[in-house]
Amino acid sequence: MTPAPALSLRDLTVSYQETPVLWDVTLDLPTGCNIAIIGPNGAGKSSLLKAAMGFIPAAVGEARFFGEPLDRVRARVAYVPQRSEVDWDYPISVEETVMLGRYGGLRWWQRPGAADREEVARALEKVGMSDFARRQISQLSGGQQQRVFLARALAQGADLYLLDEPFAGVDMATERAIVALFNAIRARGGTVIAVHHDLSTVADYFDHVALINQRLIAAGPTETVYTLDNLRHTYGGRLGLLTDIGRRVTEAGLNDEALPPPPGNAA
Amino acid sequence: MSEILWILVIALLAGAANALIGSLLVLQRRVMLGDAISHSVLFGLVLAYLLSGSRDPLMMFGGAALIGLFSAWLTDLLHRLGRVQHDASIGVVFTFLFALGVILIAGHADQVDIDPDCVLHGELALTPFDTLHIGDTDIGPRAFWQLLGVTALLLLMLAVAYRPLHALTFSAVHAASLGISVALWNTVLAVMASLTAVASFDAVGAILVVAMMALPANTALVFARSLQQMLIGAVLASALAVLGGLALAAWLDASIAAAIVVAAGLLLALALALKAFLRRSSAAHRETPRSQSA
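Those sequence lines, one after another, are chains A and B.
FYI, the numbering for the first sequence is 1 to 267, going by the numbering used here.
FYI, the numbering for the second sequence is 1 to 294, going by the numbering used here.
None of these hints come from the bench; they were simulated from the model.
The reader is advised that the hints may include incorrect statements.
Distance ranges between label pairs, derived from CB positions [claimed, not checked]:
| no. | chain 1 | residue 1 | chain 2 | residue 2 | range |
| --- | --- | --- | --- | --- | --- |
| 1 | A | PRO69 | B | GLY135 | 51 to 59 Å |
| 2 | B | LEU132 | A | TRP109 | 30 to 38 Å |
| 3 | A | ALA59 | B | LEU132 | 51 to 59 Å |
| 4 | A | ALA173 | B | ALA183 | 50 to 58 Å |
Part of the chain A face toward chain B, derived, beta carbon under 10 Å [said to hold, decoys possible]:
| no. | residue |
| --- | --- |
| 5 | PHE55 |
| 6 | VAL60 |
| 7 | ALA63 |
| 8 | PHE66 |
| 9 | ASP71 |
| 10 | GLU85 |
| 11 | LEU100 |
| 12 | VAL225 |
| 13 | LEU228 |
Where is the CB? At the ideal position from N, CA and C, for every residue including glycine.
Chain B with its partners taken away, still in its complex shape (with noise of 0.2 Å):
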């Protein structure tokens, strides 16, 4: 498969990925908790690379999955017995974890195979050569595999418990009154979470990462009428933004990651503007009783 090909699909399942992962946390009102994650388990890949000494996928996905939850406990252990807010104890725990990461590489510089640009920026273009082996056969890129494998997980997710998160991301409380576990679900999609970050670091890296979750889903949030069409929209969206952010980076010779991210952004804020224009007009033929919930 050419390069370029090669670029696309894998930006389109990072996209994907991300908006499924991205439209729970945001429904759920946690998706600063995705920002947190995607940092922190750059502190979880090195140390797992350190201790394993290689760049084995499953190594690296389990401690990204272990500091991931790590940092969403530690998070709620500050706010709940440190009394530290909870927006700043998720800004201190990230912030700590991920700088810890960024030390750990630079003191073992020369063992670790871990560019830290590219984990902070990612870079896309060169995802294809990346690739890995069964035998002495090619079977394509990493990011690809890595990214085919954890979509693959959230839609397995989506498919067994769909009930449960429905219940969950609407009201915790109601959830919890139903005798679903909140605290489960909560670690699995922090583990999900924290999974999604780490595949997407290749291809658009930690600080995008969170913009991924975030603009696609709040773009579909502006339409979709039910969590289905949630999901799907934001699919969609981070589809369009792919396809506009490629053409964008190949326009302005830029960051593919960046004009992905800029694309969505604007996808966003046509979303909105759309919406109000179709209010206005609406408005015009009947009244719209919106509620004013305090």
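Bound-form chain A, shown alone (with noise of 0.2 Å):
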């Protein structure tokens, strides 16, 4: 038997006001993938994930995860925000904030135990981020800051972990920390599912990738899905985002095949 989807989607429609901007998406993403969600600015790509975990309401449609309603899975799933949504002036350290974290599986009244304050040690030790335990988290640069963002989603134990975009505003040094971080969750099984936006990177950080522009375009593996042709459904007439890729993809001798990974990081 093959396993539950980590999240599944039925005909999800969303609008904000009267403006529609999620129509009738029906998509199923596969536990144990590092996943992008990937379309033009205001796509719907953070709407989808906030309606999948019920933040905003859906006017029509469903979302399960591991083929349950999130109810009864919610300590399975972790939510990372933007790194804009988070109030940064909230008076907390760096492993307060990790801690929040544990309090899904808490009494209200209940103290955090040893056991916690251990997980909370690991998962900053697993973001680098042990030596700023006591920082406050307005004094952190944003690199740092998304590092501590995630290991609160790692503290929570999770198997499935929602991003909305963790690459926004961060440094080399902390993009390929979460590169190996997200290597590391599918390595035990994890599924990873984040909004992204650097079309360079998507063929390198991740296996899996949905297309969306307010509806589906396509989704699936990245080497068959990640084609010039689905680029130019998506993203339209902004080609001007494509020129790089679709020079690269000319320059390979290929055309409207899958696309290469592009050659390092350094463009």
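Since each chain sits alone in its own frame, please combine them into the complex, following the hints.
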């Protein structure tokens, strides 16, 4: 029997006021993969994650996690918001922020125990932030902030990680650390679903990809789905974004075939 | 107990209660909701009084809590369905309900033993004379017992629900992702803000309640490094403001409530100045990397 998809959406339609942002998206995202959600600005990428998590209401449709409604598998699902949506002036240390990830498993009045503190220390070590445990989050760089929020998700001990633009505004060292973390999660059978912007790194970082622009354009393994044709459909006339990739495709002698991984990240 | 001692105790309790609920609202950036609620509960108070014909504290608090909830709900409804901006819908709802309360008082002036001036501005100096009785025994000022009850309730809430409130005030979205009911705890906070406002009316009045919610909490936020420090710091700041305010009022022979708020404002200015000074002097030693999250 094949395992239930990490996330499956059925006929998901989301609108703000009367403006639709997502139309009738039906999608199964498998477990044990690193999955990118890509599409132009305003394509509804973040809304897809938020509607799946129930933060914004879906007009129609439903989301299931591991074949179940979210409430029954909440402990297995961690969500990492966009860095810009976080209140960085909140008075809280790095350590305490990561501890928030443990709150889902605690009763209202329960104090975190030794096991919780151990999980927090381990999560901080995995993202290379152990030395910053006592630092206030307002005193961190963008990359460090992103690491702390990844640590909070890790401390939750989830199997599925939903991340909204984890690479936005982070330094190269952090970007590499995040990718290593994604691979570690996949190696132990976990799943990463990340809204992603940088088309040049999709093939390097992700083995699955879902292309959306209000509607679902295509979804599947990167080598079969991440094609120039699908990118054209997704980004429409905004080919300016694509010229670099288009040129690379042409240089590689390919046409509307699978994209080769870009030559390093120097560009 | 002497009058001045009662006044001091009542002011300290009002400061503590408002500092606690104010800290949570300030961290959620919803402190204007406290303003809205502190005004609209007047309508609840008058309504409860007219319906019950007495100033029974339970009726008053029940009416206030209901109207506080109602105004929070109405604000949200206007914002969602009427597409009114959030701060605008707060402004619309509370001024409307407050005005309704004032008209009700005027229309039933012969029946209502509520002085609009007193509700607006409070009269701390008079609180020791409005006492509660059990049988024939005078058990002390009504304001004292009301504020003691609300402060105890706030401490109980923090003891029982520290973790959900901590998660909620930091990030409603993250709290929701952990399965914490954002709607439930926002409702609890709205009810507690209503009760705090009503209990504080006698002491500081509707207009100055929001100042006591916002000023000590923001003073604490200048130096706090955790929610716990923020809560404790806000209560301490409110106590300092009360002591400073009482001295100021005695010196200028002014309204005690207004003097307390002035003292609380000066304290915030002092804290900000101190922080700026410390930052400048420490910048000379080491560079402090500040994040610039967009």
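Tell me the hint numbers this structure goes against, listed in increasing order.
4, 6, 7, 8, 12 and 13
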